[in-house]
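*Asks:* Please assemble the complex out of the two chains, which come individually in their own frames, going by the hints.
Each chain, letter by letter, is given below.
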Amino acid sequence: MAAVKKPKLAVWKFASCDGCQLSLLDCEDELLAIAKEITIANFPEASRAIVKGPYDISLVEGSITTPHDAERIHKIRRMSKCLVTIGACATAGGIQALRNFADVNDFVSIVYANPAYIETLNKSTPIADHVFVDFELRGCPINKYQLVEFISATLNGRKPNIGTHSVCMECKMKGNVCVMVSSGIPCLGPVTQMGCGALCPSYNRGCFGCFGPMESPNTKSLAAWFERLQVPSDDIVRMFRGFNAYAEPFRKESEAHEK
Amino acid sequence: MKSRTIKVDYLARVEGEGKLYVKIKDNTVADVRFSVFEPPRFFEALLRGRRFTEAPDITSRICGICPVAYQMSSSQAMESVCGVTVSGPLRDLRRLIYCGEWIESHALHIYMLHAPDFLGYEDAITMAKDHPDVVTQGLKLKKIGNDLMVLLGGREIHPVNPRVGGFYKVPTKEDILRFVEPLEWALEASLETVRFTSTLPFPEFERDYEFVSLRHPDEYPITEGRVVSNKGIDISTDQFLDTFEEIHVPHSTSLQAKVKERDDYLAGPMARYCNNFDRLPEVAQKAAKEAGLSEVCTNPFKSIIVRSVETVFACHEALRIIKAYKAPDKPYVEVPPKAGVGHGCTEAPRGLLYHRYEIDDAGIIKDARIIPPTSQNQKAMEVDLRQFVQKNLDLTDDKLTWQCEQVIRNYDPCISCSCHFLKLDIKRD
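If you're matching them up, the sequences are chains A and B in order. Start counting the first sequence at 109; every next residue gets the next number (the working numbering). Start counting the second sequence at 57; every next residue gets the next number (the working numbering).
Next comes chain B alone, as it looks inside the complex (with noise of 0.2 Å):
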């Protein structure tokens, strides 16, 4: 009997500490971990006797990679308790900062964390020296998104003006066309990013995922829509917990999600792609056929080039926002507290991110719930290891363990926030 094992005890060039376990007996793949033993933080137990206007601020500290995507998903949800609905300039400012995050959050995965797996390099910093002007594109198109980032909430790791019914403060028109010809060049970057990462050579594996994410009737999703798959989900927000559930597993400090009925599913920029093809605007459905991709992927390594894709919707949407806006008279709407309980549903640039509270009549939480994006996808991660490795066990030790650490970054994970998530460890038997 021949056994092999294959684990990596801090996976790199992810967000936060996670691990893997592969072991394999007799060419078969035994068992198949996908650990996280980031320390617990307890979030959901912290926010119970704060106010409701505090939830932005404190949740954002959950994740430095998507601190915006918390802020909207916590806001909306407090608004809905309140019965109170953001429109107008103050609802598309809410979506130019998270266009922000979506330009800065795929560029560092695209050119810092992902490229370099692709050719052979053990990190940007290294790629940079043979391909320098490949990272410093990466550089500046993140750069962007960050400078939208402190134009709109004054920084770009925790924003500060975000809040509860929009912002403290709002930019002029005058601040905020500054950003037209900044964003004119990063979307012909991210065009050259949907190219470039076109030609990257990707494993051939194709898996048939349940992919869920956010649909909205005419925008492609970032900030609001109705939650559903390619496999029959359709629900508004308030019914997330009676349609997924969460399962605490004793070698991870991340709940994994798992749709009741069924089993894993994926979240993230490739749901979101295969859902909402037809509302991407036309600059980036082309970019994507130009690439080779169809309407639907479901090759996980190429999550890449859908990133890509998504980069340049994300830098036309922001151009879109910018020149149609006109400053409302007032920062933001009053949201007086009302006893209740809210749910608010967002797309995080790694997928959907689910918040529930309930307040009472002063606006004191009482209860929380958040759902990350990362303990959404963990199952996902070992389905898709287990398959991979199946198929794999040609490959050399390190070999492998450098494509199982890949399979996991595919996902651009963000394991401070699933923990509520990295080391790889193949064991062959």
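So that you can see chain A by itself, here it is in the shape it has in the complex (with noise of 0.2 Å):
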């Protein structure tokens, strides 16, 4: 076969814990095939080495937090072709954007001696507050199953095969029983997009919305829900307070419970 241009394949970290780039690493079996079938250029992680963009894909990580990261954004949108958010912080800010809802002056002086050296914003916001993003891998951590499909399928030149149905609706295509039904614990399930195979409810514990909102959430009825189960309502607050508290439907009804 003729000698064919491997796609380029770029990782981007911002503000985040490493855990979903670790997803392409954690791909033991999937990892040496995809090598043969992309450049991994630039995957500091991975590589001491860095091939020159521009790039086919970029796989963005992470939030922003930093004047410096807002700017360097932008030079990555500028070398790729396709830019796809990976992962809770980089959708929806992560769980550091808990600061949206606070004084971040008051953070950094909780955690650092000398307030004056650091430097940061006051809110962390989404790649997609900043750049145009072709598509996004919703968890915190992200699926490594749908991260090897969106790849898959980007070589192939078709869409990629992951849905945006609820948790709910992978709970009962699995055939678990309702932990909310049956056993009254509460659950995000209702109003998260699936990904992660229902796993808690699968544990016996209510889903804590890693996924974050599914497409038209009804949040204001689940919630509703929660109170019927005698749910307080600061609980309900930090229900929808967690890694995707800065996602739209779930920044609105936490703070629509706040007193």
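Keep in mind that the hints are not guaranteed to be accurate.
As the list claims (entries may be wrong) - No more than 25 Å apart at the CA atoms, straight line, and that leaves these computed lysine-lysine pairs for DSS-like: (1) B:Lys-435 with B:Lys-316; (2) B:Lys-196 with A:Lys-144; (3) A:Lys-282 with B:Lys-435; (4) A:Lys-183 with B:Lys-63; (5) A:Lys-282 with B:Lys-422; (6) A:Lys-160 with B:Lys-316.
As the list claims (entries may be wrong) - These stretches of chain B come out as covered by chain A in the derived footprint (C-beta under 8 Å, 3 or more residues): (7) 91–102; (8) 194–201; (9) 439–446.
I should point out that these hints are in silico values taken from the structure, not numbers from a laboratory. Beta carbons: idealized from backbone N, C-alpha and C, even for Gly.
*Replies:* Spelled out as structure tokens, the structure:
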């Protein structure tokens, strides 16, 4: 076969735990096969070698929290044909977006002795607030099989087969007994996007929203059910204020229950 | 006057963002800075006002490579506030999921991040072209660690199953016995890993470290023990902040820890190994000796062999737990909240991880303090760099830069964690 130019993949990091990019290294069975089809051109967590852009696929992990990063994301966008956000930090601002509900200066002084050394923005914001995003992979962390599916679909020029239905639907398909109906455990499954395989209910706990709000979620109705289960309003606030706290439907619902 | 600068602006094959800067003036190292430019995420602040039961889920998000360590240190701290002890099979299962994390994290570092340095490759994928069997073995070993975390945690990154008091759901004996065969393979593969890593070319470099780790009366430490050092520290975990302190330096968003009365110290595999050689099972002790290691290893480049010996231990320990396992009646112990202060200290793959929480009667977190392994090691890394560069000034800039990166990678640093940490900059004047 004649040598075909392999597409170039880059991985970029902003404020995050590195877990989503680690998902690529966690593809133990697929990693070497993927590396045969694409050039891993910029992936500092895995390699010293850096191939210059432009890049065909840029995977972006993490949220924007510093003035420098707010500039850097625009440079990355200019170098990328297809920019994909990976994980709750990049798609919704992550757990560090809890600062968006407080005064960041209080946060800095709680953690650091010399706040003057710290340069940070008031808010932790998703990548899409700054640049155009071509596709998003949800999750805290992402599902590695969704990542492999996305790469494989892109290599084959087809649309990735990644659902947008709820965790609740995944649970039904799995045949789980509903934790909320049977045990009165509050669960975000009805309003959270699929992707984890209904993990928490399969382990006898309520979903805590790692994959963020599904399309058109009825958070108001779900919160009313939580109230019927005698969940105190500050716990309802905490439930919606998790790893996707700053995603609009979850943000609004948490604010509605704040005293 | 001759000046030289060596710098690395974005250190590769580590977890998180850091840079190195070394300035050499008249053949003397004038300045060494290992900076973390990882943006701060303020975990200690955002934990305030959350429920004590949320700490394991929230703090696991500090690090995608060692989430179990965060879940275990925070759970232990909360249980100590509330006066609850988790024992028997639940304690064993915690140790088992932690063994999974050690196997996964150690295999990742040994094969994917560290070995390419010694063999002169930019990364494991390039290394796989010449050494396919080595990389394939590493990936398979790593996967077994991950599979163990999936079994007990639901997923490998940010497991959902561990909780304050134990687990949401425990495996059946049948579920767990399926791991005997893969772990027996993993034990052999890890012994092979010790032999493989012992043949790598190591730069000559020794340092008189203060090794800080846990020590337990009858186990190689993972989940609990006293905090000890080879220079006389022997304290319970609640005395941690009396003995160690954290300093905020301008060039880093990670705080640097030190022994209050002395100076830098080293946490991680070399420290655990030195302080606890006698607690290793015979199979691991024998493998270490055959690889030419004595009971104390002071060459940080050889941490890759120590990490391999610990992988032998983790596979052996996992098999021991699995064979003895009897499913508990209840997956967790009830932990009713009680106002007070609690401490948690466990051994993350890359070193000691300390948590301290204050909670109120309703179980709401009033104050949180987290000291991750990489901030504890940051000062030791700078001292290593200074001494290593001073001894190797005759190397070319390219070679020196690469070896300086290796000095840092010896620690398997976890920079996202420490940011509360790598770029190399060598400047020769």
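*Asks:* Starting from A:Lys-282, check that the Cα of B:Lys-422 is at most 25 Å away, please.
*Replies:* violated, 39 Å
*Asks:* Are three or more residues of the stretch 194–201 of chain B within 8 Å, CB to CB, of chain A?
*Replies:* holds (count 4)
*Asks:* Does A:Lys-282 pair with B:Lys-435 here, judged by a C-alpha cut-off of 25 Å?
*Replies:* violated, 50 Å
*Asks:* Would the pair B:Lys-196 and A:Lys-144 pass a check requiring their Cα atoms to be no farther apart than 25 Å?
*Replies:* Holds, at about 18 Å.
*Asks:* Residue count check for the stretch 91–102 of chain B against chain A: does it reach three with CB-CB under 8 Å?
*Replies:* With 9 residues closer than 8 Å to chain A, the stretch 91–102 of chain B meets the three-residue bar; holds.
*Asks:* Within the stretch 439–446 of chain B, is the number of residues with a Cβ closer than 8 Å to a Cβ of chain A three or more?
*Replies:* Three-residue rule not met by the stretch 439–446 of chain B, so violated; n is 0.
*Asks:* For a C-alpha distance cap of 25 Å, please report whether B:Lys-435 and B:Lys-316 respect it.
*Replies:* Holds - the C-alpha atoms of B:Lys-316 and B:Lys-435 are around 13 Å apart, at most 25 Å.
*Asks:* Keeping to a limit of 25 Å between CA atoms, is the pair of A:Lys-160 and B:Lys-316 held or broken?
*Replies:* violated, 46 Å
*Asks:* Given the hinted pair A:Lys-183 and B:Lys-63, is their Cα-Cα distance within 25 Å?
*Replies:* Since the Cα atoms of A:Lys-183 and B:Lys-63 sit roughly 23 Å apart, the hinted pair holds (cutoff 25 Å).
When the structure is compared with the earlier hints, violations turn up for hints 3, 5, 6 and 9 and for no others.
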